[in-house]
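Participant: Residues per chain, in single letters:
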Amino acid sequence: MAQSREEVVETMKDVLASELGVEADKVTADARFKEDLDADSLDLVEVVLALEEKFGIEISDDQIAGVKTVGEAADLVISKQTAVG
Amino acid sequence: MQRVVVTGLGAVTPVGVGVKAYWDAITAGQSGVGPLTLVDPEPVPSKVAAECLEFDPAASLGPKEAKRLDRSTQFALTAAREAWDDSAIEDGVDKDETGVVFATGIGGISSLLASDAVMRTKGPNRVSPFTVPQLMPNAAAGQIAMKFGLRGPNFCTTTACAASNHAIGLAFQAIRHGEATAMIAGGSESAFVQVALIAFAQMTALATKFNETPWEASRPFDSLRNGFVMGEGAGALILEEREHALARGAPVHAELVGFGQSADAFHVTAPSEDGSGAALAMRRALRSADLAPEAVGYVNAHGTSTPAGDVSETKAIRLAFGDHADNLAVSSTKSMIGHLFGAAGAVEGIATILALRDGILPPTINQTDPDPACDLDYVPNQARKAEVDAAMSNGFGFGGHNAVVVFRRHQA
Numbered sequence: 001m002a003q004s005r006e007e008v009v010e011t012m013k014d015v016l017a018s019e020l021g022v023e024a025d026k027v028t029a030d031a032r033f034k035e036d037l038d039a040d041s042l043d044l045v046e047v048v049l050a051l052e053e054k055f056g057i058e059i060s061d062d063q064i065a066g067v068k069t070v071g072e073a074a075d076l077v078i079s080k081q082t083a084v085g
Numbered sequence: 086m087q088r089v090v091v092t093g094l095g096a097v098t099p100v101g102v103g104v105k106a107y108w109d110a111i112t113a114g115q116s117g118v119g120p121l122t123l124v125d126p127e128p129v130p131s132k133v134a135a136e137c138l139e140f141d142p143a144a145s146l147g148p149k150e151a152k153r154l155d156r157s158t159q160f161a162l163t164a165a166r167e168a169w170d171d172s173a174i175e176d177g178v179d180k181d182e183t184g185v186v187f188a189t190g191i192g193g194i195s196s197l198l199a200s201d202a203v204m205r206t207k208g209p210n211r212v213s214p215f216t217v218p219q220l221m222p223n224a225a226a227g228q229i230a231m232k233f234g235l236r237g238p239n240f241c242t243t244t245a246c247a248a249s250n251h252a253i254g255l256a257f258q259a260i261r262h263g264e265a266t267a268m269i270a271g272g273s274e275s276a277f278v279q280v281a282l283i284a285f286a287q288m289t290a291l292a293t294k295f296n297e298t299p300w301e302a303s304r305p306f307d308s309l310r311n312g313f314v315m316g317e318g319a320g321a322l323i324l325e326e327r328e329h330a331l332a333r334g335a336p337v338h339a340e341l342v343g344f345g346q347s348a349d350a351f352h353v354t355a356p357s358e359d360g361s362g363a364a365l366a367m368r369r370a371l372r373s374a375d376l377a378p379e380a381v382g383y384v385n386a387h388g389t390s391t392p393a394g395d396v397s398e399t400k401a402i403r404l405a406f407g408d409h410a411d412n413l414a415v416s417s418t419k420s421m422i423g424h425l426f427g428a429a430g431a432v433e434g435i436a437t438i439l440a441l442r443d444g445i446l447p448p449t450i451n452q453t454d455p456d457p458a459c460d461l462d463y464v465p466n467q468a469r470k471a472e473v474d475a476a477m478s479n480g481f482g483f484g485g486h487n488a489v490v491v492f493r494r495h496q497a
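Just so you know, the protein sequences line up as chains Y and Z, in that order.
So the first sequence is numbered by my numbering: it starts at 1 and just counts up by one.
So the second sequence is numbered by my numbering: it starts at 86 and just counts up by one.
Since the hints were derived computationally from the structure, they do not count as laboratory data.
Be careful, since some hints might not be right.
Unchecked claim - Derived EDC-like pairs: lysine to aspartate or glutamate, alpha-carbon spacing no greater than 16 Å straight-line:
#: 1; chain 1: Z; residue 1: Lys149; chain 2: Y; residue 2: Asp36
#: 2; chain 1: Z; residue 1: Lys207; chain 2: Y; residue 2: Glu53
#: 3; chain 1: Z; residue 1: Lys149; chain 2: Y; residue 2: Asp38
#: 4; chain 1: Z; residue 1: Lys152; chain 2: Y; residue 2: Asp40
Please put together the full structure from these sequences, using the hints given.
Facilitator: Next up, the structure:
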């Protein structure tokens, strides 16, 4: 069953807090990876690996390239879950 | 040529985090050797190790930075931070004229093998993008420069167990020749992976006879020694042009006065039997320091506790110092902290500096039954008070590399 955007963001909080070493409270849908979560390009690759593992999906480099915020990443996760489902 | 002084010290060692913990322990003759815990000891014949069990990477560096770095680089940054703060140099130096030479013997081998395991079990798409920046041997030198914003000379030495003496020596030369005002020099190591321990054991290089009493396993110059004890940690020194240090009122621990290097050109792992290769490096270090052998009162030996190495070094000291060898105090810090490979010269250099500064010579512990072939004064078992004017620290590495540094008590 597909999760809502809010549910996906909620699930991502712990993953991103652990991967990026930030407070879970800072991981909101509007949070920008680079500016708000201090994530560089290598961090983003780690984030993708962690999301793939957490949600059982595959994300290509092209697909992540345009993602700037946590909410956009959640949308990508949902689109992948839908595609799989 | 510029004179060079040591204005900051930092250490992570098997006897504790920080220079004070290190110096307190080794002058008390305490051993940091215990049972091997960082890897499954079952298939390893040597079940003893000198591990930095008190080190907490997240507390030292923050969780994010800790996660991104190999354990050896975590040690390096922690030691460099302590040295930097000790020297109070942050606002007192042009950072474009300040550089780094940092050593490792083996680099980020545990990070490489962890990624290899991920690749084999979870697939290539799960391999961390931090694998390469973790495994590369120059990681610490680069990370230290980024941490403090240092844009001077930056370099990594990888001459096995001579590596951090090379780092100190090359940083010394950079300041001496006016290429830099200050340098962070040192080395770090953590190679606790099963294959490394087994590979050293296959060479019969490791201590295997003291698995039940680990604190007795590292016993340089003793007749019962049968190999070295693997250790881990880091040491960092702030080297600074003397007039610059004095002008800003910096604390001066000692003066770095000489550096000598050579090769055995003999065998990839065995030391030259007569010690002549190492003796060349010692003589060159004295020449670089413009000191007669008689000026030196203390030698911090490479002293690994291997049967061949300790005899060869004893002969080398006799060759380099002649009759004065019988007046020298010689001790091996490795008797207490094991062998830190690429970090050995840095932490042993710190012991040498503090011996000069505080007038205390750290002992060689476990020397209960001296080997007749090792016939010098090794400061057995107990530290000794002695006012020494100049002291030497030896570092020799697989490959036949020899690197020797000489320090002097600083006179303002």
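Participant: All hints are to be evaluated individually against the structure, with a verdict given for each.
Facilitator: Against the structure, the hints come out as follows:
1. Z:Lys149 with Y:Asp36: This hinted pair holds, its Cα atoms lying about 15 Å apart.
2. Z:Lys207 with Y:Glu53: 10 Å, holds
3. Z:Lys149 with Y:Asp38: Holds: Lys149 (chain Z) and Asp38 (chain Y) sit about 10 Å apart, inside 16 Å.
4. Z:Lys152 with Y:Asp40: 14 Å, holds
Figure legend: structure checked against the earlier numbered hints; every hint is met.
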